[in-house]
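*Asks:* Each chain, letter by letter, is given below.
2 protein chains.
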Amino acid sequence: MEKSVEVVVIGAGIAGLVAARDLARGGAEVLVLEARDRVGGRLLNEELPGGAPIEVGGQWVGPGQDRIQALIDELGLKTFPTYDEGRHIAEIGTGRSEYLGRIPKLNPVALADFAQLQWRLDRLARRVPTTEPWRAERAAELDAQTFASWLQRAGHTDGGRSFLRVITEAVFSAEPEDLSALWAAFYINAAGGVDALINTRGGAQQDRIAGGSQTIAVRLAEELGDRVVLDAPVTDIDWDAAGVRVSAGALTVRARHAVVAVPPPLAARIRYSPGLPGDRDQLIQRMPMGRVIKFNVVYDEPFWRRAGLSGQANSDQRALGTVFDNTLPENSPGVLVGFFEGRHADIGSRLSAADRRARVLDDLAGYFGPQAREPIAFIERDWAEEEFSRGCYGAFTTPGALTRFGPALRAPVGPLHWAGTETATRWAGYMDGAAESGHRVAREILRFD
Amino acid sequence: MEKSVEVVVIGAGIAGLVAARDLARGGAEVLVLEARDRVGGRLLNEELPGGAPIEVGGQWVGPGQDRIQALIDELGLKTFPTYDEGRHIAEIGTGRSEYLGRIPKLNPVALADFAQLQWRLDRLARRVPTTEPWRAERAAELDAQTFASWLQRAGHTDGGRSFLRVITEAVFSAEPEDLSALWAAFYINAAGGVDALINTRGGAQQDRIAGGSQTIAVRLAEELGDRVVLDAPVTDIDWDAAGVRVSAGALTVRARHAVVAVPPPLAARIRYSPGLPGDRDQLIQRMPMGRVIKFNVVYDEPFWRRAGLSGQANSDQRALGTVFDNTLPENSPGVLVGFFEGRHADIGSRLSAADRRARVLDDLAGYFGPQAREPIAFIERDWAEEEFSRGCYGAFTTPGALTRFGPALRAPVGPLHWAGTETATRWAGYMDGAAESGHRVAREILRFD
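Same order as they appear, the protein sequences are chains P and G. Using my numbering, you'd call the opening residue of the first sequence number 33 and step up by one each time. Using my numbering, you'd call the opening residue of the second sequence number 33 and step up by one each time.
If you're looking for bench data, these hints aren't it; they were derived computationally from the structure. There are no misleading hints in this set.
If you anchor each label on the Cβ, the simulated ranges turn out as follows:
1) 479/P <-> 389/G: 32 to 40 Å
2) 151/G <-> 170/P: 28 to 36 Å
3) 475/P <-> 384/G: 27 to 35 Å
4) 170/P <-> 83/G: 52 to 60 Å
5) 475/P <-> 61/G: 52 to 60 Å
6) 61/P <-> 82/G: 53 to 61 Å
7) 79/G <-> 36/P: 41 to 49 Å
8) 444/G <-> 283/P: 33 to 41 Å
9) 444/G <-> 148/P: 42 to 50 Å
Beta carbons: idealized from backbone N, C-alpha and C, even for Gly.
Chain P with its partners taken away, still in its complex shape (with noise of 0.2 Å):
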């Protein structure tokens, strides 16, 4: 079969569904590819028991995601806060804090460090521009190291330092070792600092989409109505200066422009002819994703909000470093979520289904207390074993990549554009930027035509 439009997006996630409504609103002729049986990329709601939807992917937005917020309003959808009543968990070093507020009282010489490493990492993010990060002052010498090695020499502790790993882990679901400085900073500056990336009230976490994240995509998708083609992994893309022929089976899609909305090394997955310019591929070869399986521990009622407790729960001595409270407010059994993220995930993801079960219950009962290992489901999901997303929250530049090739995050090649959440220029890795790759994209191209 073949068909023929003005732009073909690739993906059906909200970069590309975004993309596909700005341009169809446009006036352009558009069609969405998509490899999946359904929309929404790394956003994916299941069933609690009783049938209401909890997220397995992406589930939170915050102050100051603009973009996404809009979408939400203009969509009719409601947002409802993350529950944040209570003592929340820390667990750092050897230490045990039960707290109230941001602040665990833990060793006072690792807080004051973490405190010192905060300040000292806003004011080297807001250094760093983030629509063109590879020109920040320091740019060269921030991209020459990890940010491991940032962090070892920043650091004056290992209980500050241990801290900052949990938080990146918890942020990237990546290690310190796996990122350049640069991307560190860059990704820190464009959501306005860390505590805007790791606090709930006033942060990243502050609030929960009614019926699912993925409600969002769906949505969209049915805004577009046919112009969405699920099943339809895009393998091919044929391209010269006046257009694309893309194949996804057999499916053969003619157009003038293509915007490739999936994630960069899965987009580097798909076979260009020609090939791709050197700089283009070679900042693909170096953008791998993070690695997490989320858990989404389901149980008869929140039992942990009778002992005081949010359900917020951080540790440096776990693998479940990571939980929240994910109970919906309204005839809902209690859900804790949590993270397997970075090394976490790797060893998480060579136990078998059973054992994978039996840590992170262990785990929720060190935090929470014996009734943690009674659950009445348990709904996993291993992003890195998913063949079209191959990791998540997102994907990172490796050192090296920016300050080499950044110019080529978004410059488009031909008649092909580049969307996706790690080419936004603020909330990058998240649905904010995620959209706003998609107004961008759908910008460049109606401004070409």
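Keeping the supplied structure of chain P fixed, place chain G upon it in accordance with the hints.
*Replies:* Positioned in the frame of chain P, the structure of chain G alone reads:
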């Protein structure tokens, strides 16, 4: 068209061809699928004016490379020594030295620093087991940093560090910023030390292969006859415990085993069904290729020899950082071979062909005088632009990758076996390592059957 064999080999470079030959000799029915219209992979002969073969890809062999030497002998090929008479040129910082032997007469402080850096590097490398570098005593510490970070701390002078940067570019066609320090140490140990990597006489550039290095692949392919299929780019591998079904355009091959003998980033671009396990996929997301543009610049005669120069030159000031005399021993015009490596290849690839040529000739004139501006032929190859290599000389691991995912480098996945020089334990990145990997993977399969 559908074929059925015991083992299908993907890629007709040295790794794939050696594997296929060993398997055929071991009694297995084997078929090699090669994407290009030629064999050899990163080895490729072109022609000098007059018709003699000259390599635009890998070309040198040296002592200690026993597997490739055995293959050369067995195939009845001959080697001849790289031209190594006369004074070499080195430019580091503002100094220029024309020198005999191994040590340029430059700033003695920088030289002393380089000597201590080499000594430390060799000692470090010896402590990294090449079979399992991730088990080195200091593996975590080394893999947490870039080679640039190691160099920054271990070096005492800019001159000493700059020397080692030139060497890094020449050896890895990457920048110290790009590489995990653990990978750098592994690679050095796999070659037997820094001297073995950088020397002409006594090192990896000692000898050349009569008829051009690609002849090794051509002879192997001749022996395999119609078991080598050209123009068959593999796009899909369906696999289960019982075997594979490999698709290459209209050709489908069923087999009990598949040997994937293409560079890691290209192995990642094959569509596996089911998808590869997360560890393997994450590893090959973190093994980008180096980048090099190779130039053979041809003159009526090797004019530099009359001035007592060897044609060997290195500089930290010029894009063409490494040059050798590539003249053939008999009835040949004079040939200088030079390289834009790493960041120099980035810049070079963005120039027009005319500007790139002018830049190369400027650098050659700077080294060897104005006669270098009058070549009779100019032969260039940009390996990052090649669809079926996407870089050279080889792949490397970015920080964090070896310690997190190293065991996935060679571990078979069901019927899938991994070959290629990057999987070798000696001379990884060289023809010799490619041969090792071919032998190893054939043993892996013959043992199982």
